[in-house]
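Chain residues, written in single-letter form:
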Amino acid sequence: MNKKVIIIVLLSIIAIGGGVAYYMWNKPKTNAADVKPNYILPADSLGAAFARNEDAANAKFVKDSVALEIQGVVDTVFVNEGNESVIQLMTTTPDYAVKCYFLAGESVSANIGDQVVIKGFCSGYQLMDGVQMTKCARMK
Amino acid sequence: MKKLILATALVAISFGATAQRYFSKTAHIKFFSHTSAEDIKADNYKSTIIIDQATGAVQVETLIKSFEFEKALMQEHFNENYLESDKYPKANFKGKGDFSKVNFAADGNYSVNVAGQMTMHGATKDVSAIATIKIAGGKIDGSTKFFVNPRDYNVQIPDVVKGQISEKIEVTVKATLQPLK
Chain C
1 MNKKVIIIVL LSIIAIGGGV AYYMWNKPKT NAADVKPNYI LPADSLGAAF
51 ARNEDAANAK FVKDSVALEI QGVVDTVFVN EGNESVIQLM TTTPDYAVKC
101 YFLAGESVSA NIGDQVVIKG FCSGYQLMDG VQMTKCARMK
Chain P
1 MKKLILATAL VAISFGATAQ RYFSKTAHIK FFSHTSAEDI KADNYKSTII
51 IDQATGAVQV ETLIKSFEFE KALMQEHFNE NYLESDKYPK ANFKGKGDFS
101 KVNFAADGNY SVNVAGQMTM HGATKDVSAI ATIKIAGGKI DGSTKFFVNP
151 RDYNVQIPDV VKGQISEKIE VTVKATLQPL K
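Going down the list, the sequences are from chains C and P.
Numbering follows the numbering used here, with no gaps: position 92 of the first sequence is 92.
Numbering follows the numbering used here, with no gaps: position 97 of the second sequence is 97.
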């Protein structure tokens, strides 16, 4: 192999490596819209699972690789100080509402009482606040 | 004697009416790491804070996966490699502060020493900070700032990125508190 070929191969490797690194560093945040859900369940069942046994619910639902599709009725809609739209779904277990957070800047249209289907990733249960879902996408 | 009992009862009732618990479910927790190589910031606008004026108890709870970074890759590394949020999904602080001098019913500014224990990534450490409480027109704003060292919480940072993550991470907490009924 002559020197020219070696230089071309090395430069190609550097260029490809640099391109991949640049893409990875700047890859945009994405919501769960295109992710296949691992679990499909009503908001009430998700809230009840955390109320029953938080550790077991964490082990099952709180994983980067586990997406959830939640069906429920809209209880509250608001935008928080971080510019994240939030849809809170009704549950029958007090203090275990399911709060779905959308990516900052993403607008969401929903009315109280709407029957909705939302995909997202579960962050866990937080004292007084309920079960938090992030990177949410409204599917229905 | 009857008068004394009545007066004592009235004092007890009025104290009970003013000594309350205050809370926020939308507290903002920010951490900021500064090095010459890079600044890293993450925000969580969905944390819970509860203050009990009568006992001085302060409780803060936040979910690790609910922190938002500017870069998706930073957020992935934070959750998967550093805080291992699948295994340790939440962080909390339980402590005490002297809120006895704070009149939550009138405008004013107060500084309160708060000390307690913070649990994160499976490790619990003592933390203390000065919290500021500002009451204006019925709005109660609380804030504080303190520093943590990731190593104190057994957060393993690979040598290759050690120069990019500070050993003194600034944590800021801000919340608008409401009476807990």
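Bear in mind the hints are in silico, worked out from the structure with no lab data behind them.
Owing to the predicted nature of the structure, the values given are computational and were not obtained by experimental measurement.
Wrong hints could be hidden among the right ones.
[As the list claims (entries may be wrong)] Straight-line alpha carbon distances no greater than 20 Å define the calculated DMTMM-like cross-link-like pairs of lysine to aspartate or glutamate that follow:
#1 P:Lys41 with P:Asp98
#2 C:Lys29 with P:Glu70
#3 C:Lys27 with P:Glu38
#4 P:Lys139 with C:Asp55
#5 P:Lys168 with P:Asp86
#6 P:Lys145 with C:Glu81
#7 P:Lys25 with C:Asp95
#8 C:Lys27 with C:Asp55
#9 C:Lys29 with P:Glu80
#10 C:Lys63 with P:Glu84
#11 C:Lys27 with P:Asp152
#12 C:Lys29 with P:Asp98
#13 P:Lys94 with P:Asp39
#14 C:Lys27 with P:Glu170
#15 P:Lys71 with C:Asp75
#16 C:Lys29 with P:Asp39
#17 P:Lys174 with C:Glu81
#18 C:Lys29 with P:Glu76
#19 C:Lys27 with P:Asp52
#20 P:Lys87 with C:Glu106
#21 P:Lys30 with C:Glu81
#22 C:Lys27 with P:Asp98
#23 C:Lys36 with P:Asp39
#24 P:Lys25 with C:Asp64
#25 C:Lys29 with P:Asp43
#26 P:Lys87 with C:Asp55
#27 P:Lys134 with P:Glu84
#28 P:Lys41 with C:Asp95
#29 C:Lys60 with P:Asp86
#30 P:Lys96 with P:Asp52
#31 C:Lys63 with P:Asp86
#32 C:Lys60 with P:Glu84
#33 P:Lys71 with C:Glu106
#34 C:Lys63 with P:Asp159
#35 C:Lys63 with P:Glu38
#36 P:Lys181 with C:Asp95
#37 P:Lys134 with C:Glu81
#38 C:Lys60 with P:Asp43
#39 P:Lys25 with C:Asp75
#40 P:Lys87 with C:Asp64
Q. Is Lys27 of chain C close enough to Glu38 of chain P, meaning Cα to Cα at most 20 Å?
A. Holds. Lys27 of chain C to Glu38 of chain P sits at ~18 Å (cutoff 20 Å).
**Q.** Pairwise hint evaluation, Asp52 of chain P against Lys27 of chain C, where the allowed Cα distance is 20 Å at most
**A.** 44 Å, violated
Q. Is it true that the CA of Lys63 of chain C sits at most 20 Å from the CA of Glu38 of chain P?
A. This hinted pair is violated, its Cα atoms lying about 28 Å apart.
(Q) Please verify whether Lys29 of chain C and Glu70 of chain P have alpha carbons no more than 20 Å apart. (A) Holds - the C-alpha atoms of Glu70 of chain P and Lys29 of chain C are around 9 Å apart, at most 20 Å.
Q. Are the Cα positions of Lys60 of chain C and Asp86 of chain P separated by 20 Å at most?
A. Answer holds: Lys60 of chain C to Asp86 of chain P is near 10 Å, not above 20 Å.
Q | 20 Å limit on alpha-carbon distance, applied to hinted pair Lys25 of chain P and Asp95 of chain C | A | 12 Å, holds
Q: Take the C-alpha atoms of Lys71 of chain P and Glu106 of chain C, compute the straight-line distance between them, and say whether it is at most 20 Å.
A: Answer holds: Lys71 of chain P to Glu106 of chain C is near 16 Å, not above 20 Å.
(Q) Hinted pair, alpha-carbon criterion (20 Å max): Lys145 of chain P, Glu81 of chain C. Please report holds or violated. (A) Holds - the C-alpha atoms of Glu81 of chain C and Lys145 of chain P are around 19 Å apart, at most 20 Å.
Q. Has the given pair, Lys63 of chain C with Glu84 of chain P, been kept, meaning a C-alpha gap of at most 20 Å?
A. 10 Å, holds
**Q.** Proposed proximity, Glu170 of chain P with Lys27 of chain C (alpha carbon, max 20 Å)
**A.** 26 Å, violated
Q. If you draw a straight line from the CA of Lys87 of chain P to the CA of Asp55 of chain C, is it 20 Å or shorter?
A. 10 Å, holds
Q: Sort out whether Asp86 of chain P lies within 20 Å of Lys63 of chain C, counting only the CA atoms.
A: 5 Å, holds
Consistency note: the structure conflicts with the earlier hints numbered 1, 4, 5, 8, 11, 12, 13, 14, 15, 19, 20, 22, 23, 24, 27, 28, 34, 35 and 38.
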